[in-house]
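Using the sequences and the hints, build the whole thing.
Here's the letter readout for the chains.
4 protein chains.
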Amino acid sequence: MGPPIVKLFREEGAEVLADASTLIGATEPAEVLDRAGDIDVLVANLDLAAYAARVRDIDDDQWMAGFDAMVHPLMRLVRAAAQPMIDRGGGSIVALTSSSPLRRMRPQATSYVTARAAQNAFVRSAGHELAAHHVRVNAIAQNFVENETYYPPSIMENEKFRDRLKSEVPAQRLGTPRETAELALFLASDASTFTFGQVISLDGGWS
Amino acid sequence: MGPPIVKLFREEGAEVLADASTLIGATEPAEVLDRAGDIDVLVANLDLAAYAARVRDIDDDQWMAGFDAMVHPLMRLVRAAAQPMIDRGGGSIVALTSSSPLRRMRPQATSYVTARAAQNAFVRSAGHELAAHHVRVNAIAQNFVENETYYPPSIMENEKFRDRLKSEVPAQRLGTPRETAELALFLASDASTFTFGQVISLDGGWS
Amino acid sequence: MGPPIVKLFREEGAEVLADASTLIGATEPAEVLDRAGDIDVLVANLDLAAYAARVRDIDDDQWMAGFDAMVHPLMRLVRAAAQPMIDRGGGSIVALTSSSPLRRMRPQATSYVTARAAQNAFVRSAGHELAAHHVRVNAIAQNFVENETYYPPSIMENEKFRDRLKSEVPAQRLGTPRETAELALFLASDASTFTFGQVISLDGGWS
Amino acid sequence: MGPPIVKLFREEGAEVLADASTLIGATEPAEVLDRAGDIDVLVANLDLAAYAARVRDIDDDQWMAGFDAMVHPLMRLVRAAAQPMIDRGGGSIVALTSSSPLRRMRPQATSYVTARAAQNAFVRSAGHELAAHHVRVNAIAQNFVENETYYPPSIMENEKFRDRLKSEVPAQRLGTPRETAELALFLASDASTFTFGQVISLDGGWS
Numbered sequence: 010m011g012p013p014i015v016k017l018f019r020e021e022g023a024e025v026l027a028d029a030s031t032l033i034g035a036t037e038p039a040e041v042l043d044r045a046g047d048i049d050v051l052v053a054n055l056d057l058a059a060y061a062a063r064v065r066d067i068d069d070d071q072w073m074a075g076f077d078a079m080v081h082p083l084m085r086l087v088r089a090a091a092q093p094m095i096d097r098g099g100g101s102i103v104a105l106t107s108s109s110p111l112r113r114m115r116p117q118a119t120s121y122v123t124a125r126a127a128q129n130a131f132v133r134s135a136g137h138e139l140a141a142h143h144v145r146v147n148a149i150a151q152n153f154v155e156n157e158t159y160y161p162p163s164i165m166e167n168e169k170f171r172d173r174l175k176s177e178v179p180a181q182r183l184g185t186p187r188e189t190a191e192l193a194l195f196l197a198s199d200a201s202t203f204t205f206g207q208v209i210s211l212d213g214g215w216s
Numbered sequence: 010m011g012p013p014i015v016k017l018f019r020e021e022g023a024e025v026l027a028d029a030s031t032l033i034g035a036t037e038p039a040e041v042l043d044r045a046g047d048i049d050v051l052v053a054n055l056d057l058a059a060y061a062a063r064v065r066d067i068d069d070d071q072w073m074a075g076f077d078a079m080v081h082p083l084m085r086l087v088r089a090a091a092q093p094m095i096d097r098g099g100g101s102i103v104a105l106t107s108s109s110p111l112r113r114m115r116p117q118a119t120s121y122v123t124a125r126a127a128q129n130a131f132v133r134s135a136g137h138e139l140a141a142h143h144v145r146v147n148a149i150a151q152n153f154v155e156n157e158t159y160y161p162p163s164i165m166e167n168e169k170f171r172d173r174l175k176s177e178v179p180a181q182r183l184g185t186p187r188e189t190a191e192l193a194l195f196l197a198s199d200a201s202t203f204t205f206g207q208v209i210s211l212d213g214g215w216s
Numbered sequence: 010m011g012p013p014i015v016k017l018f019r020e021e022g023a024e025v026l027a028d029a030s031t032l033i034g035a036t037e038p039a040e041v042l043d044r045a046g047d048i049d050v051l052v053a054n055l056d057l058a059a060y061a062a063r064v065r066d067i068d069d070d071q072w073m074a075g076f077d078a079m080v081h082p083l084m085r086l087v088r089a090a091a092q093p094m095i096d097r098g099g100g101s102i103v104a105l106t107s108s109s110p111l112r113r114m115r116p117q118a119t120s121y122v123t124a125r126a127a128q129n130a131f132v133r134s135a136g137h138e139l140a141a142h143h144v145r146v147n148a149i150a151q152n153f154v155e156n157e158t159y160y161p162p163s164i165m166e167n168e169k170f171r172d173r174l175k176s177e178v179p180a181q182r183l184g185t186p187r188e189t190a191e192l193a194l195f196l197a198s199d200a201s202t203f204t205f206g207q208v209i210s211l212d213g214g215w216s
Numbered sequence: 010m011g012p013p014i015v016k017l018f019r020e021e022g023a024e025v026l027a028d029a030s031t032l033i034g035a036t037e038p039a040e041v042l043d044r045a046g047d048i049d050v051l052v053a054n055l056d057l058a059a060y061a062a063r064v065r066d067i068d069d070d071q072w073m074a075g076f077d078a079m080v081h082p083l084m085r086l087v088r089a090a091a092q093p094m095i096d097r098g099g100g101s102i103v104a105l106t107s108s109s110p111l112r113r114m115r116p117q118a119t120s121y122v123t124a125r126a127a128q129n130a131f132v133r134s135a136g137h138e139l140a141a142h143h144v145r146v147n148a149i150a151q152n153f154v155e156n157e158t159y160y161p162p163s164i165m166e167n168e169k170f171r172d173r174l175k176s177e178v179p180a181q182r183l184g185t186p187r188e189t190a191e192l193a194l195f196l197a198s199d200a201s202t203f204t205f206g207q208v209i210s211l212d213g214g215w216s
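Residue numbers (the working numbering), protein chains in the order written: chain B, 10 to 216; chain U, 10 to 216; chain W, 10 to 216; chain H, 10 to 216.
Any given hint could be a false lead.
Chain copies aren't distinguished; within one or between two, either way the pair holds.
Claimed, not checked - Below, computed lysine to any residue pairings styled on SDA-like, alpha-carbon distance capped at 20 Å:
| no. | residue 1 | residue 2 |
| --- | --- | --- |
| 1 | Lys169 | Gln181 |
| 2 | Lys169 | Ala141 |
| 3 | Lys175 | Gly98 |
| 4 | Lys175 | Arg63 |
| 5 | Lys169 | Arg182 |
| 6 | Lys16 | Ile48 |
| 7 | Lys16 | Ala27 |
| 8 | Lys175 | Arg112 |
| 9 | Lys175 | Arg115 |
| 10 | Lys16 | Asp199 |
| 11 | Lys175 | His142 |
| 12 | Lys169 | Pro93 |
| 13 | Lys169 | Leu183 |
| 14 | Lys175 | Glu155 |
| 15 | Lys175 | Thr202 |
| 16 | Lys16 | Asp28 |
| 17 | Lys175 | Ile164 |
| 18 | Lys16 | Thr202 |
| 19 | Lys175 | Arg44 |
It is worth saying that the hints were derived from the structure and are not from the lab.
Take a look at the structure:
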């Protein structure tokens, strides 16, 4: 989702610093923000290919990897961004998460869903706390949006998958990254100044 | 919320037909839509001053009035708008509802909360069904937004109310009608084409 | 669900007055309670065969019938039961509702889902208000429980339905009315004295 | 909550093995279960005094401690218990978690709430997966239940806290550990055999 968000934000006149590092180390999130300097908006797009395993087969390292890649760096990014935004009179933080915890998923997704739920809960709670300081923290909980990791061409051409889309997703199609970028723009902009701690689904009605 | 929505939509170049009737009769919603002709967007802003009563004191007529003013006309508006929108290839319906069912309210709000919950459930379910036809149905579940019915100047100057705002609403202020209009614009526009059946809170983080 | 609840409650030593009238008139709920005299527990089991229609085809009378049979009598029963229970020092009200509003349903269920959602919201709100008076109001939100109206033998022998059960219901079976009765007993008894305004799903993990 | 649960289960004739270790190491959960041998029920009561900090002040070690004490051992316990329960034809796992993620909390609870939300999401997802194997996984999401860690006598005698109870908790009192034990018993017993992946609030109506 990174490139289409960068593209749309630039089209709208924003100056964007894109960082594609994984931010897994304890100090990296703060360092990235230090390098960025004064910012009005932070888009936290933390991801990891979903680890699939039955509950009785979960591997400790794979389980931890989900928290390391998605949960802990989100906290550290918001922690580092909050004070400077407060000092500047406000700001907007947009996290890209998942709507998978909002509805029962196919089997073997427990590790992924648990980490994504932790992200969503963090956004809600941090969003409430920072609202008084004019810092908005909200999430785009997406699912069934086009991307090459989850939906490579081989999947998209698979008839069974297309049938599944039709029966599971009310919109009967995948979303486009542009649609995600549009919601990110709304949440980043002055059009959403009364929206705090919200986890907004973007999944064609799936959840 | 009507006037600021009309104003913003017109600023954005939309041709707006505003109707301020109560739409309580069984045929009125369809008649209003007939008069409007071809439309791309329907904003359904149905409201009634909240009836306050303890559960054991609920008056049958007042209870029914909430459903008559808020729930049944919403169904009838969407019912009448759906087929023409499908025939034209799609459209967007935005309902103004309330986030009061999403969180425990102060006492005596049961009648109001029940009717608002019915609205929100209708939006979710109708939104799922119509998604396949490119008709989006979504709701703005607002609370704590400035308006003269719920928050007249006498309330706003009341210190106790201002304290309540600070302790109950994370944003520590009321929203402005313009903020509601901005979310209505987002949901009406092509920026939200993958959003279906969503009830989006707009309440300064309250719910 | 009525007979198995009556049976289990009697096995547990309760004196049960079963009333099978529809309670659609405005005064009938209070009259039934008057006839019952002093009660410790009220089980409100209001139902109507689900009306199936696309949103654009909803019939006004069928739509209203759902509110008349399920929503308004629930309010009137709780309204009539509340004061006598408060006067006697407390009591428990158990509503049988549906988990269908908690998860996207198959198409054409919008009328049914909207009425059931109103029931659930009423239980939550009334439950909060009456908690201070030691009156508990809670709901069993069931789905996929055996009953001859929704799941007649013809359906149960249908292979497609059995496949649907396996893919949609984590438990891969229908629940038994006895299982509903057991949850009703728990909510009616002194084992649940800290549970107020809860809508508890009973649907084999479906919702 | 451990002792009252052990007491009630023993009163009901259960043979109970109580283990009070913290289970923080990666292999300890499986070792405890090995020592226990064949079991029908597992009650996972993982806890840690809530770490209070503003988001911008969260300490990495304290943040991790919440996941180490509450989230990871819950996964490891369920992982280790699942296969033997499946092999024996079924079983019931009851997790004690918190309803704090279900409603906006007082400030500074973000770390705690995030870890508790991960527990709740894990229970839902694991509960869905294991339902087909007759293994039930459910949670008691409690809050405002008497215990010496969160509510020592000094707090209980504090008038401000008693006022807060009255305004925030519909039941206007703390729950008793016995009330938690009763819900644990219900979820452990054959009275709840159609309940899977549920997170049931026990908080006097607070959430």
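Q.
With identical chains, the pair Lys175 and Arg112 could be close in the same copy or across copies; at 20 Å between alpha carbons, which is it: within, between, both, or neither?
A. Answer is both: 17 Å inside a copy and 17 Å across each meet the 20 Å cutoff.
Q | Alpha-carbon proximity context of Lys16 and Asp199, limit 20 Å | A | Intra 19 Å, inter 17 Å, cutoff 20 Å: intra and inter.
**Q.** Same-copy or cross-copy closeness of Lys16 to Ala27 [CA-CA at most 20 Å]
**A.** Within. Shortest intra-copy distance 10 Å satisfies the 20 Å Cα cut-off; inter-copy 37 Å does not.
Q: First find the shortest C-alpha distance between Lys16 and Thr202 inside one copy, then the shortest across copies, and answer within, between, both or neither for a cut-off of 20 Å.
A: between (23 Å within a copy, 19 Å between copies)
Q | Within, between, both or neither: Lys175, Gly98 at alpha-carbon 20 Å | A | Between copies only: 18 Å across, 46 Å inside.
(Q) Reference check for the pair Lys169 and Gln181, CA-CA at most 20 Å: within, between, both, or neither? (A) Answer is within: at 13 Å inside a copy they meet the 20 Å cutoff, but 22 Å across does not.
**Q.** Same-copy or cross-copy closeness of Lys16 to Ile48 [CA-CA at most 20 Å]
**A.** within (17 Å within a copy, 32 Å between copies)
Q) 20 Å Cα cut-off: does Lys169 pair with Arg182 within a copy, between copies, both or neither? A) within (13 Å within a copy, 25 Å between copies)
Q | Within, between, both or neither, where Lys169 and Pro93 count as close if Cα-Cα is 20 Å or less | A | The answer is neither: 49 Å in one copy and 32 Å across copies each exceed 20 Å.
Q.
One pair to classify: Lys16 and Asp28, alpha carbons no more than 20 Å apart. Within, between, both, or neither?
A. Classified as within: same-chain Cα gap 14 Å, cross-chain 39 Å, threshold 20 Å.
Q. Taking 20 Å as the upper bound on the Cα-Cα distance, should Lys175 and His142 be classified as within, between, both, or neither?
A. Between copies only: 12 Å across, 43 Å inside.
Q | Within, between, both or neither: Lys169, Ala141 at alpha-carbon 20 Å | A | For Lys169 and Ala141, the Cα distance is within 20 Å only across copies (18 Å; inside one copy 49 Å).
Violated hints for the displayed structure, listed by number in ascending order: 12 and 19.
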